[in-house]
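Asks: Taken in sequence, the protein lines are chains V and H. First residue of the first sequence? That's 1 in my numbering, and the numbers climb one at a time after it. First residue of the second sequence? That's 1 in my numbering, and the numbers climb one at a time after it.
Worth flagging that the hints you see were computed from the coordinates, not collected in a lab. Every residue, glycine too, gets a C-beta built ideally from N, C-alpha and C. All clues given are correct.
The calculated DSBU-like cross-link candidates involving lysine-lysine, where the alpha carbons are at most 35 Å apart (straight line), are:
#: 1; chain 1: V; residue 1: Lys41; chain 2: H; residue 2: Lys144
#: 2; chain 1: H; residue 1: Lys126; chain 2: H; residue 2: Lys25
#: 3; chain 1: V; residue 1: Lys146; chain 2: H; residue 2: Lys22
A few chain H positions that, by computed beta-carbon distances, are all more than 12 Å from chain V:
#: 4; residue: Asp13
#: 5; residue: Leu21
#: 6; residue: Gly23
#: 7; residue: Gly29
#: 8; residue: Gly54
#: 9; residue: Leu86
#: 10; residue: Pro164
#: 11; residue: Lys168
#: 12; residue: Val185
#: 13; residue: Ile198
#: 14; residue: Ser200
#: 15; residue: Glu246
#: 16; residue: Ile247
Selected chain H positions facing chain V (in silico; Cβ < 7 Å):
#: 17; residue: Thr6
#: 18; residue: Pro8
#: 19; residue: Thr68
#: 20; residue: Pro94
#: 21; residue: Gly113
#: 22; residue: Tyr116
#: 23; residue: Ser146
#: 24; residue: His147
#: 25; residue: Gly210
#: 26; residue: Pro252
Below, each chain spelled out in residue letters.
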Amino acid sequence: MDFLSSIFKKVKKKEEEKKDHRGLIIFKSVKEAIRAEKILKGYSIKVVAPPPEIREGCDLALEYEMVEEIGIKRELEKNNLKPLKFIPLSDPSLKPLELIKVKEFNDGSIMVRCGNMKITVDREGNILNVSGGGCPDVPYLALKLKGRNILEIPEGEVPKELGYTLCAYTLNKSFEEARRIVKENMGRCENDSSRYSTDRGIGSY
Amino acid sequence: MIVAGTLPIEGLDLIRGEGKLKGNKIVIGNREFPLSMGTGALIGASIKVHEYFGEKLPEVITAGDIGTGEGSLKIYRHLRDVDDDLLVIHYIKPKISEIMKIDFSPKIVADAGGMYAAKAAGIGDKFHIFLPDVGELAFLADEKASHPAYVRGFISEVDDREVPELIKRAYRNRMPRYMVVKGEVDYIVKEGDIIERIDSPRIETMECIGGTGDTLTGVVSSLISCGYRTEEACILGCKVNRLLGEIVNPTPRTQIEELIIQIPKALEMLGL
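All chains, full assembly: derive it from the sequences and hints.
Replies: The structure is reproduced here in structure tokens:
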């Protein structure tokens, strides 16, 4: 009996580990879930019944690889499908990182970091460097962004629109914050001779 | 030594061959690639170290991938059977079902996506070295996280001073024998214990240059390939990377190519 129960425990543990990297997409109707399944053929998805505690009227959900979330979201948007929720399977309280840290250098450039992704811009908003991360779209995004001005990049070419992975999603957070800071300081510059506020310095918020 | 990782070129099919440098381009077979961040920077750094010691240049397995995972999949499948004793897995889309099937007979150094996949699959102990930065260390320390973007808040809010505690926490999960944690201070870890701290020279602007982590991985693994013991290679690799900062004196706009070409000088300065 002990032998059997240890096998069951091992199988259960393996199944739980598998869920750690997967999430659920919840739709408002079965019809939408079926349509999404067709649209997302190129992704590792599986149609499943959502657990009762997160059921929201729909009996079907799609299980997906969390790393592919940004590509999946874009594909669904392109097809006018708006899911109700994306939930990590291992722990529904897990949420993507929001913490942003900003560092200012002597020449007035700033590096904005969210999790593992960093973007560095100069005073005028020119993108000098992109660093960190490990998914294959990071070097691609670096090539696409470096040398351009962050204020002149159209919405269709921001990291979350060009990338496919969670690294692209995280880089987008850094990108948005860097753009907000540049814009804010440009506005301040029109009324003030100093371009950057001195209280930004090194730190986080 | 084999370097396996994607390049950000849409539609590039799988290529395998010796990597060479021609000016600031990488040459594999009859194709040329830029020395940009990611696998390109790692290959460039590896070639520079092997050239310096007069050793056989590293073999490269690459394919184009801009995030869709197509190129990564081709590489994973190619790694089911490799014929070298040192393998470096770099920018590759984390795919747990695929990383479980690779050939684990060589010593494997995993950085970037390779490390994410290994940790998420819960097989970190099958690897020889991971090279996380502080943000990635938080991911390794969070037993629930499957990607650095999903690290739980209470762990991700750490700073460099809390690294030793995070290392301990990470080693409660399955981790490789060695780890290099890069940051303001670089920590060399063996079986969960910090065996060396390297903190000088400290060049703050190195952090924003895309590719400095890639060159560190390239130098450390190449030193192992050229005969150095893993501990020594990790320590020397961190020193080389920091010296590159001192030699180049970078600004936030410095690009990684400018550092890679100075690797021989840094090796020479260390008397290697």
